[in-house]
Amino acid sequence: MSAVTAVRLSNPRRGEEAPAISPQRFRVVTTRAQRKARPRVFYAVVTMSVIFGIIVAQLLLSVAVSSGAYEISGLQAQNRELDRTHQSVSQDLDRLASPQNLAANAEALGMVSNNTPVYLRLSDGAVLGSPVAASSDAGVTGGGTLVANALLANVPLVTTVAAAAAASASTQPGVPAAEAAASVPAPVVPTGPVPLQNGLPGVSTH
Amino acid sequence: MNSKQTRRRTLASMLLIVIFVAIFVVKLVDIQIIQAAAFNEESMGKRSIPATIFSQRGTIVDANGVILADSVMRYNVTISPKNTKDFLRVTDRADVTITPQQAAVEIGGVTGQKPEDILKIVADALAANPESDFAYLVKGVDVDKFRALNALGIPWLYSEPAPGRSYPNGSVAGNLIGYVGQDGAAQAGVELTSDACLAGINGEEIYQRGADGVRIPGSTITSVSAQNGSSIKLTIDADLQWYAQQVLAKQVDATGAKWGTVVVQEVKTGKLLAVADYPTVDPNNIDGTAEANRGSLAFMAPFEPGSTIKALTAASLLDAGLADPTSQVYAPYSIEFPNGAKVHDAASHGVLQLTLTGVLEQSSNVGITQLGEALSAEKRYDYLSKFGFGSTTAVGFQAESSGILHPWQEWDNQTFYNTMFGQGLSTTAIQVASAYQALGNHGVHLPVQLVEGCISADGTMTPTPMPEPTQVVSDAAATTTVNMLENFVTKGWIAPYISIPGYRIAAKTGTAEQSDGSGSYSTNYVVSNAALIPANDPQYVVTVTIASPQSNGSMASPPVLRAVMAQVLKKYRVEPSPDASPDLPIRF
Numbered sequence: 009m010s011a012v013t014a015v016r017l018s019n020p021r022r023g024e025e026a027p028a029i030s031p032q033r034f035r036v037v038t039t040r041a042q043r044k045a046r047p048r049v050f051y052a053v054v055t056m057s058v059i060f061g062i063i064v065a066q067l068l069l070s071v072a073v074s075s076g077a078y079e080i081s082g083l084q085a086q087n088r089e090l091d092r093t094h095q096s097v098s099q100d101l102d103r104l105a106s107p108q109n110l111a112a113n114a115e116a117l118g119m120v121s122n123n124t125p126v127y128l129r130l131s132d133g134a135v136l137g138s139p140v141a142a143s144s145d146a147g148v149t150g151g152g153t154l155v156a157n158a159l160l161a162n163v164p165l166v167t168t169v170a171a172a173a174a175a176s177a178s179t180q181p182g183v184p185a186a187e188a189a190a191s192v193p194a195p196v197v198p199t200g201p202v203p204l205q206n207g208l209p210g211v212s213t214h
Numbered sequence: 016m017n018s019k020q021t022r023r024r025t026l027a028s029m030l031l032i033v034i035f036v037a038i039f040v041v042k043l044v045d046i047q048i049i050q051a052a053a054f055n056e057e058s059m060g061k062r063s064i065p066a067t068i069f070s071q072r073g074t075i076v077d078a079n080g081v082i083l084a085d086s087v088m089r090y091n092v093t094i095s096p097k098n099t100k101d102f103l104r105v106t107d108r109a110d111v112t113i114t115p116q117q118a119a120v121e122i123g124g125v126t127g128q129k130p131e132d133i134l135k136i137v138a139d140a141l142a143a144n145p146e147s148d149f150a151y152l153v154k155g156v157d158v159d160k161f162r163a164l165n166a167l168g169i170p171w172l173y174s175e176p177a178p179g180r181s182y183p184n185g186s187v188a189g190n191l192i193g194y195v196g197q198d199g200a201a202q203a204g205v206e207l208t209s210d211a212c213l214a215g216i217n218g219e220e221i222y223q224r225g226a227d228g229v230r231i232p233g234s235t236i237t238s239v240s241a242q243n244g245s246s247i248k249l250t251i252d253a254d255l256q257w258y259a260q261q262v263l264a265k266q267v268d269a270t271g272a273k274w275g276t277v278v279v280q281e282v283k284t285g286k287l288l289a290v291a292d293y294p295t296v297d298p299n300n301i302d303g304t305a306e307a308n309r310g311s312l313a314f315m316a317p318f319e320p321g322s323t324i325k326a327l328t329a330a331s332l333l334d335a336g337l338a339d340p341t342s343q344v345y346a347p348y349s350i351e352f353p354n355g356a357k358v359h360d361a362a363s364h365g366v367l368q369l370t371l372t373g374v375l376e377q378s379s380n381v382g383i384t385q386l387g388e389a390l391s392a393e394k395r396y397d398y399l400s401k402f403g404f405g406s407t408t409a410v411g412f413q414a415e416s417s418g419i420l421h422p423w424q425e426w427d428n429q430t431f432y433n434t435m436f437g438q439g440l441s442t443t444a445i446q447v448a449s450a451y452q453a454l455g456n457h458g459v460h461l462p463v464q465l466v467e468g469c470i471s472a473d474g475t476m477t478p479t480p481m482p483e484p485t486q487v488v489s490d491a492a493a494t495t496t497v498n499m500l501e502n503f504v505t506k507g508w509i510a511p512y513i514s515i516p517g518y519r520i521a522a523k524t525g526t527a528e529q530s531d532g533s534g535s536y537s538t539n540y541v542v543s544n545a546a547l548i549p550a551n552d553p554q555y556v557v558t559v560t561i562a563s564p565q566s567n568g569s570m571a572s573p574p575v576l577r578a579v580m581a582q583v584l585k586k587y588r589v590e591p592s593p594d595a596s597p598d599l600p601i602r603f
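Protein chains in written order, with the numbering used here: chain A, 9 to 214; chain B, 16 to 603.
Isolated chain B, as found in the complex:
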């Protein structure tokens, strides 16, 4: 062999080796560097699962910490229609084959569905897509049912967790709390208006799992951790709210009325202690209530208030210095004013010689209009606006009504007089309560408060920002008006029905005709009462409103007022009044 041949062979083989190595290097670079990300993702996708870490929506608690709305884990039950076949159940005695029909009966026994409906869901899903692997059976099943379904051991049944809401006190404050839809989105009430505070943010983590579902150690990557929502504290007292709802419901049913509300507000702070509506919604069972009744009538349903406004007209007159409790007026049953307006009282009577106190005691429209015309429309409108009428309250409730208070320039001759006794304007029950709160609080009107604040997980409370209080009438005017209203309770027709021995009570009733929507009044009327207790140093406003009672008429609301007042006095341990109500002359 000669060395040249040898060298050539060596060179050729070296070249071949180099070529092969180069090919491998190129392929390697391609896989490891250029397409690395895509391959990684694909392999991760086959093995890894993004799992949602559910956050908890914040709770809603009442003034004492009683939980009104709570976050719970519910479960959506799903089936795999293409796998709905017979399966073998291993029991102690023998292995039993369970057919889908038998399984449907068992499932129906737990969820309450009919077996035919369950099989129909399977059939529908397969009809739409023969390879269907997923169909909802029932959503929002609670823990006990979920466990019962698991115990059945049906392989084609799978439940996925879905956070839900539970309202342990049912419809107590249900009108205020609102409710949450199937997907967890707030739909009404405080749940909706305070959603920014309550809502949590779900987290996500990705981990790789083995074939049997166990997490591969060291492979957890938490992308985002969950942030729980903060809780909302209401000013409502759940027990008082329940009591008010119970008493109101009983009376509205007994008198065949359309609806009713009860409002209890703290005079010195403006906080709402109870806002009861009837009919009202149970957030656990929204479908059980008509859609119109799923909100809060106290906030959303305006009505013409009637004679309860007379007290505010009297306070305005006192504040303007145009009258005092002994101002005298001759009050016939009906009167026609020079500008053509006609006013008459509720019941026929002769000419009465009434003082201003007597006008309130008799609830005489003729009396109040004669005394009230001394005050100009502009000033009276000003007082009514400052008392809170014509604008929404500081609560900002969902779909809250501002009522209707036409600008004084638009008042016609009749409206000029009608607004003195509460017709010709419309208000919500909350607005009436808030106006009486100003009367009881030495003329200082405080903003109405429903939500105390937002409490974060570490306990820090962010109080709700509130506007400044305003002085509507002078201290003297307010206190004198309260004293006049006490005389209504001690000397008026209502005395035996709402008196509570040992306590001074200031109250006013109202029976207001409601408009029929086309410019005149219908036969519907709204009976309302407003009271300040104890009148020597008012601490609570209680108002009761009942719409269109079929029986009892003006007597529909006083029993409710008395019951709620007594409950408030008992609950908050209000001291009995040290002296008797002042005796102001009602006749001259």
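Chain A on its own, in the form it takes in the complex:
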């Protein structure tokens, strides 16, 4: 049953027309108690923005973590490359330090060994033993190294490298001297102590 609304009936004694009242003009008006109980917009906005913020933060963090994973991957690759360089260079160093290489280079540079040990006693300058001069053809290896080292297969002697650098430098005068010198230190024949100019170098103090 529809609710009975208060309708202003026409008053026949006064002879008025009944006023035309449409149902839309009727509103449900809330009571104060009902108004108090309604949730505030403010709190809804806060909650939603917090949730949104959490979602965004999570997204950003996972982006950061993932990019961190890529950075780790990149650094690990770099680490591996450096490790390989270190190994390659260490291997070069070890093979150059092998006795075969040192002896062959020493002989190529003209060193000789003396197999007669003689001692000089510093306290009184006495010579213990009978000194015998080394023969100029004694060499260090006595004619070619016979102790094999497969790792030295492609390692040239110092003198070979120096000769090649000198040859290439003389045939190509345009090649900058620094390049040839950087590839191998050519054996320098010392001509005596280098004379000092302007005294010993010192620090100028105030």
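Treat the hints loosely; a few may be bogus.
Stated by the list, open to error - Okay, derived cross-link-like pairs now, DMTMM-like style, lysine to aspartate or glutamate, Cα gap no bigger than 25 angstroms in a straight line:
| id | chain 1 | residue 1 | chain 2 | residue 2 |
| --- | --- | --- | --- | --- |
| 1 | B | Lys160 | A | Asp132 |
| 2 | B | Lys97 | B | Glu219 |
| 3 | B | Lys586 | A | Asp91 |
| 4 | B | Lys283 | B | Asp594 |
| 5 | B | Lys248 | B | Glu175 |
| 6 | B | Lys283 | B | Asp268 |
| 7 | B | Lys248 | A | Glu89 |
| 8 | B | Lys586 | A | Glu89 |
| 9 | B | Lys160 | A | Asp100 |
| 10 | B | Lys273 | B | Asp594 |
| 11 | B | Lys160 | B | Asp132 |
| 12 | B | Lys506 | B | Asp360 |
| 13 | B | Lys154 | B | Asp110 |
| 14 | B | Lys506 | B | Asp254 |
| 15 | B | Lys154 | A | Glu89 |
| 16 | B | Lys585 | B | Asp132 |
| 17 | B | Lys154 | A | Asp132 |
| 18 | B | Lys160 | A | Asp91 |
| 19 | B | Lys585 | A | Glu89 |
| 20 | B | Lys154 | A | Asp100 |
| 21 | B | Lys248 | A | Asp100 |
| 22 | B | Lys265 | B | Asp198 |
| 23 | B | Lys394 | B | Asp490 |
| 24 | B | Lys154 | A | Asp102 |
| 25 | B | Lys401 | B | Glu388 |
| 26 | B | Lys100 | B | Asp148 |
| 27 | B | Lys248 | B | Asp531 |
| 28 | B | Lys160 | A | Glu89 |
FYI, nobody ran anything at the bench for these hints, they're computed from the structure.
Add chain B to chain A, keeping to what the hints say.
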């Protein structure tokens, strides 16, 4: 509508809902609980990879810390035969299509293989299995080549890491260190006998990766971490070892001999400072040496030692009180003993009037047998055993020979005399050196030591356990024998060849016939020398052994002995002897 119908409809729909929920619950329980493990594993298997964390095999260092064997990362180059096609290479100028043939030429330029061989590997793999995705191209490539191959940028080429071994000093001490096979398993020498110390244990970690190969953060599970091996320290000095090898090789080649060894041992500690062999192996290039020469001849090749044993016979006589340096004997060139044994000297001569010192100076077989028969076979066998003959040394080298010393009960009449001058028994070069070590060390025989100990990652050294020293002959007997041997150097034929001015040297030579394997002696002989330096207070034993020299005969080994002795004296800064060698009478 009446309420009964309504209620029935409600009930029916509720029932349907309950049924569907039940089905879902059952399925859920099945997936999440019952089959959870299997599904987890399957999904992990699709995403996760077990990666081996390679451990490092321990290094082998010499007495001064010089690295003789090192662990390096090598790479096995593999190809995917089914993907071996043309590929596009992007260069600065234009994009170039590289055919497999061109790629093979480029690869061959780096690895040293022929392009035809590379393509043959691909063809063989495809012939065996048209879907083949894996074939080895070359194994054990080093870092520089690996990088060069990577730089080529060939998509169907992939290199996997494989730990390997590098021997930076090549064949220096190669006979002792041994080598490691392709798969990293030790095969010879110290690498094999000390494998328990050297070997590391690989670790493993499992992680999940994304489609582009990057590790998914938070997904690494390290199952097992790698344990690196500990390093082995040898008593060998690499520089002295190199020198001995060089000098020995030169002389063996020059005299056309079959093989040679040089042993340098410290008298007061029993440590081996150099054990040089020729021919010897370079562990970097095992195939370059015949298989018979890949071990250590000094440990593995026994020979009849010859006259170097005379000094030990003399020491035994002195210790038993049956002779002294001036004991006299008439020594003809040849003699026949009552029991039928015949002994003769190396070179024809008249009857010599020799003292015991003279017997050693002349290296007279006739002299030593006449003096030596005073000592019973049992006692002489006892002395020889105590000097170390007939048993392996404390080193425990791989396939070490114990030599042959027959029990004295089995000695026939000839062997009874032959063993006095070093025939009728066989020894290794190490055993001879060790016996002379006892002579130089006041008669105390120390165990032979090659491996100093095992050094763990934190630096703690576990020394090799060694047996106790034994007194073989008395101090007086040993010292007197050394003095007698000095007279061999000062008065014998060898004087100009091995004297080093300022130092007293005690030495003995030996030229021994070798058995031909069927009961008699062949024309092969082994020349050996043993020396104690400096004789006033022996610190080093040096022995040189050269087998079957074609030229120079007994003169093959003295130059090597002198060179190595001089090097030892120089290297270890041995003080010159304060006085001259004692002068013992050699004739009467």
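Between Lys506(B) and Asp254(B), does the CA-CA distance stay at or below 25 angstroms?
33 angstroms, violated
Would the pair Lys160(B) and Asp132(A) pass a check requiring their Cα atoms to be no farther apart than 25 angstroms?
59 angstroms, violated
Do the alpha carbons of Lys97(B) and Glu219(B) lie within 25 angstroms of each other, as the hint requires?
Since the Cα atoms of Lys97(B) and Glu219(B) sit roughly 30 angstroms apart, the hinted pair is violated (cutoff 25 angstroms).
Need the status of pair Lys585(B), Glu89(A): alpha-carbon distance at most 25 angstroms?
Between Lys585(B) and Glu89(A) the Cα gap is close to 44 angstroms, so the pair fails against 25 angstroms, i.e. violated.
For the pair supplied as a hint, Lys160(B) and Asp100(A), confirm whether the alpha-carbon distance does not exceed 25 angstroms.
Holds, at about 14 angstroms.
Lys154(B) and Asp132(A) were given as a pair; does the straight-line alpha-carbon distance stay at or below 25 angstroms?
63 angstroms, violated
Lys401(B) and Glu388(B): Cα distance at most 25 angstroms?
This hinted pair holds, its Cα atoms lying about 19 angstroms apart.
Hinted pair, alpha-carbon criterion (25 angstroms max): Lys154(B), Asp110(B). Please report holds or violated.
31 angstroms, violated
Under the criterion that the straight-line Cα-Cα distance not exceed 25 angstroms, is the pair Lys586(B), Asp91(A) satisfied?
Cα-Cα ~37 angstroms, so violated.
Between Lys506(B) and Asp360(B), does the CA-CA distance stay at or below 25 angstroms?
19 angstroms, holds
Hint consistency between Lys283(B) and Asp594(B) [alpha-carbon to alpha-carbon, up to 25 angstroms]:
Holds, at roughly 21 angstroms.
Holds or violated: Lys265(B) to Asp198(B), with C-alpha atoms at most 25 angstroms apart
Roughly 35 angstroms separates the two Cα atoms, so the pair is violated.
Violated hints, listed in ascending order, are 1, 2, 3, 5, 6, 7, 8, 10, 13, 14, 16, 17, 19, 22, 27; each of the other numbered hints is respected by the structure.
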